[in-house]
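Student: Here's the letter readout for the chains.
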Amino acid sequence: AQSVTQPDIHITVSEGASLELRCNYSYGATPYLFWYVQSPGQGLQLLLKYFSGDTLVQGIKGFEAEFKRSQSSFNLRKPSVHWSDAAEYFCAVGNTGGFKTIFGAGTRLFVKA
Amino acid sequence: EAQVTQNPRYLITVTGKKLTVTCSQNMNHEYMSWYRQDPGLGLRQIYYSMNVEVTDKGDVPEGYKVSRKEKRNFPLILESPSPNQTSLYFCASRPTGGDANTGELFFGEGSRLTVL
Chain A
1 AQSVTQPDIH ITVSEGASLE LRCNYSYGAT PYLFWYVQSP GQGLQLLLKY FSGDTLVQGI
61 KGFEAEFKRS QSSFNLRKPS VHWSDAAEYF CAVGNTGGFK TIFGAGTRLF VKA
Chain B
114 EAQVTQNPRY LITVTGKKLT VTCSQNMNHE YMSWYRQDPG LGLRQIYYSM NVEVTDKGDV
174 PEGYKVSRKE KRNFPLILES PSPNQTSLYF CASRPTGGDA NTGELFFGEG SRLTVL
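Protein sequences, first through last, are from chains A and B.
The opening position of the first sequence corresponds to residue 1 in this note's numbering, with each subsequent residue numbered one higher.
The opening position of the second sequence corresponds to residue 114 in this note's numbering, with each subsequent residue numbered one higher.
It should be emphasised that the hints constitute simulated quantities derived from the structure, not laboratory data.
The reader is advised that the hints may include incorrect statements.
Unchecked claim - Cross-link-like lysine to aspartate or glutamate pairs, in silico, EDC-like; alpha carbons within 20 Å at most:
hint : chain 1 : residue 1 : chain 2 : residue 2
1    : A       : Lys112    : B       : Glu143
2    : B       : Lys131    : B       : Glu192
3    : A       : Lys112    : A       : Glu15
4    : B       : Lys182    : B       : Asp151
5    : A       : Lys68     : A       : Asp54
6    : B       : Lys130    : B       : Glu143
7    : B       : Lys182    : B       : Glu192
8    : B       : Lys184    : B       : Glu217
9    : A       : Lys61     : A       : Asp85
10   : B       : Lys178    : B       : Glu166
11   : B       : Lys182    : B       : Glu143
12   : B       : Lys170    : B       : Asp151
13   : A       : Lys112    : B       : Glu166
14   : A       : Lys49     : B       : Glu217
15   : B       : Lys178    : B       : Glu217
16   : A       : Lys100    : B       : Glu114
17   : B       : Lys131    : B       : Glu175
18   : A       : Lys68     : A       : Asp8
19   : A       : Lys100    : B       : Glu192
20   : A       : Lys112    : A       : Asp54
21   : A       : Lys49     : A       : Glu88
22   : A       : Lys112    : A       : Asp85
23   : A       : Lys68     : B       : Glu192
24   : A       : Lys100    : B       : Glu175
25   : A       : Lys68     : A       : Asp85
26   : A       : Lys61     : B       : Asp169
27   : A       : Lys61     : B       : Glu192
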């Protein structure tokens with residue numbers, strides 16, 4: 001069955017510290033992988049996506065993610081977190097021809113001063 | 114401005130009182146979808162539409178209806194709402210053809226529904 005697992009419900013990091021949010025997926029075909037961010041009271045905004053090619057992808061707001069096929073993972077990273085990064089982050093898997101995008105349960109990021 | 118617009122943004126209603134949440138997009142996208150977001154469960158797909166007059170069930174369609182009479186609009190209908198439909202609802206759209214089809218979904222700002 002297709003699924004996305006985000007093992008961490010919430011994470012707290014200090015401002016300026018590095019961040020890694022974990023994502024594991026189960027998908028029968030070649031996956032298209034996404035990270036979305038949801039700020040309070042807002043809809044979801046795409047941070048980055050992976051289709052093929054270089055397994056390290058760069059996104060907006062200084063985020064990057066690395067696709068590791070052997071581990072079925074697509075972890076999101078940022079070298080230095082800013083207070084404005086506090087939000088909920090969703091990993092998702094799908095494809096351009098498919099009818100559905102499957103989302104993980106989300107990881108809520110708290111940033112402390 | 115390219116956007117997906119949902120209305121209402123907030124609604125409190127009572128069990129059994131029919132309601133409709135509207136969704137409209139101005140990007141000429143073929144694909145539209147409804148999701149509900151519940152704590153610890155992420156986003157679950159309710160219904161989707163690949164184009165006008167083409168709709169299909171997602172993972173949690175029970176208690177919901179949709180229609181797609183026009184390309185830009187995709188309303189979500191709750192014929193007889195129940196408390197377990199209290200949730201945050203998102204409409205999303207994306208193109209399906211050519212280079213514009215990257216799989217990226219464009220989301221509305223959400224509609225928070227409470228059913229008493």
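Student: For every hint, state whether the structure bears it out.
Tutor: The hints, checked one at a time:
For the hint pairing Lys112(A) with Glu143(B), the CA-to-CA distance comes to about 42 Å; that exceeds 20 Å, so the pair is violated. The suggested pairing of Lys131(B) with Glu192(B) holds, with an alpha-carbon distance near 5 Å, which does not exceed 20 Å. Restraint check for Lys112(A) and Glu15(A): satisfied, since their Cα atoms lie roughly 6 Å apart, inside the 20 Å limit. Between Lys182(B) and Asp151(B) the alpha-carbon distance is near 29 Å, which puts this suggested pair outside the 20 Å criterion.
For the hint linking Lys68(A) to Asp54(A), the alpha-carbon distance of about 11 Å falls within 20 Å, and the restraint holds. In summary, the hint linking Lys130(B) to Glu143(B) is not supported, as the alpha carbons are separated by about 31 Å, beyond the 20 Å threshold. With a C-alpha separation of about 18 Å, the suggested pair Lys182(B) and Glu192(B) falls inside the 20 Å cut-off, and the hint holds. Pair hint Lys184(B) plus Glu217(B) holds up; C-alpha atoms about 18 Å apart against a cutoff of 20 Å.
At most 20 Å may separate the alpha-carbon atoms for a hinted pair to count; Lys61(A) and Asp85(A) meet this at roughly 9 Å. With a C-alpha separation of about 13 Å, the suggested pair Lys178(B) and Glu166(B) falls inside the 20 Å cut-off, and the hint holds. Between the alpha carbons of Lys182(B) and Glu143(B) the distance comes to roughly 12 Å, so the proposed pair stays at or under 20 Å and holds. Restraint check for Lys170(B) and Asp151(B): satisfied, since their Cα atoms lie roughly 19 Å apart, inside the 20 Å limit.
Of the pairs offered as hints, the one joining Lys112(A) and Glu166(B) is violated, with about 49 Å between alpha carbons and a cut-off of 20 Å exceeded. Straight-line distance between C-alpha atoms of Lys49(A) and Glu217(B) comes to about 8 Å, which keeps the hinted pair within the 20 Å bound. Proposed proximity of Lys178(B) and Glu217(B) is contradicted: the alpha carbons are some 24 Å apart, above 20 Å. Proposed proximity of Lys100(A) and Glu114(B) is contradicted: the alpha carbons are some 26 Å apart, above 20 Å.
Distance hint between Lys131(B) and Glu175(B) is fulfilled; the C-alpha atoms sit about 15 Å from each other, no more than 20 Å. Between the alpha carbons of Lys68(A) and Asp8(A) the distance comes to roughly 19 Å, so the proposed pair stays at or under 20 Å and holds. For the proposed pair Lys100(A) and Glu192(B), the alpha carbon gap of about 24 Å is over 20 Å, so the pair is violated. Between Lys112(A) and Asp54(A) the alpha-carbon distance is near 33 Å, which puts this suggested pair outside the 20 Å criterion.
This hinted pair checks out: Lys49(A) and Glu88(A) have alpha carbons roughly 17 Å apart, not beyond 20 Å. Our distance criterion of 20 Å between C-alpha atoms is met by Lys112(A) and Asp85(A), whose separation comes to about 11 Å. Distance restraint check for Lys68(A) and Glu192(B): the Cα-Cα separation of roughly 45 Å exceeds the 20 Å cut-off, and the hinted pair is therefore not satisfied. A hinted pair counts as satisfied when its Cα atoms are at most 20 Å apart, and Lys100(A) with Glu175(B) qualifies at roughly 17 Å.
For the proposed pair Lys68(A) and Asp85(A), the alpha carbon gap of about 24 Å is over 20 Å, so the pair is violated. For the hint pairing Lys61(A) with Asp169(B), the CA-to-CA distance comes to about 35 Å; that exceeds 20 Å, so the pair is violated. Among the hinted pairs, Lys61(A) with Glu192(B) is inconsistent with the structure: their alpha-carbon atoms are about 41 Å apart, more than 20 Å.
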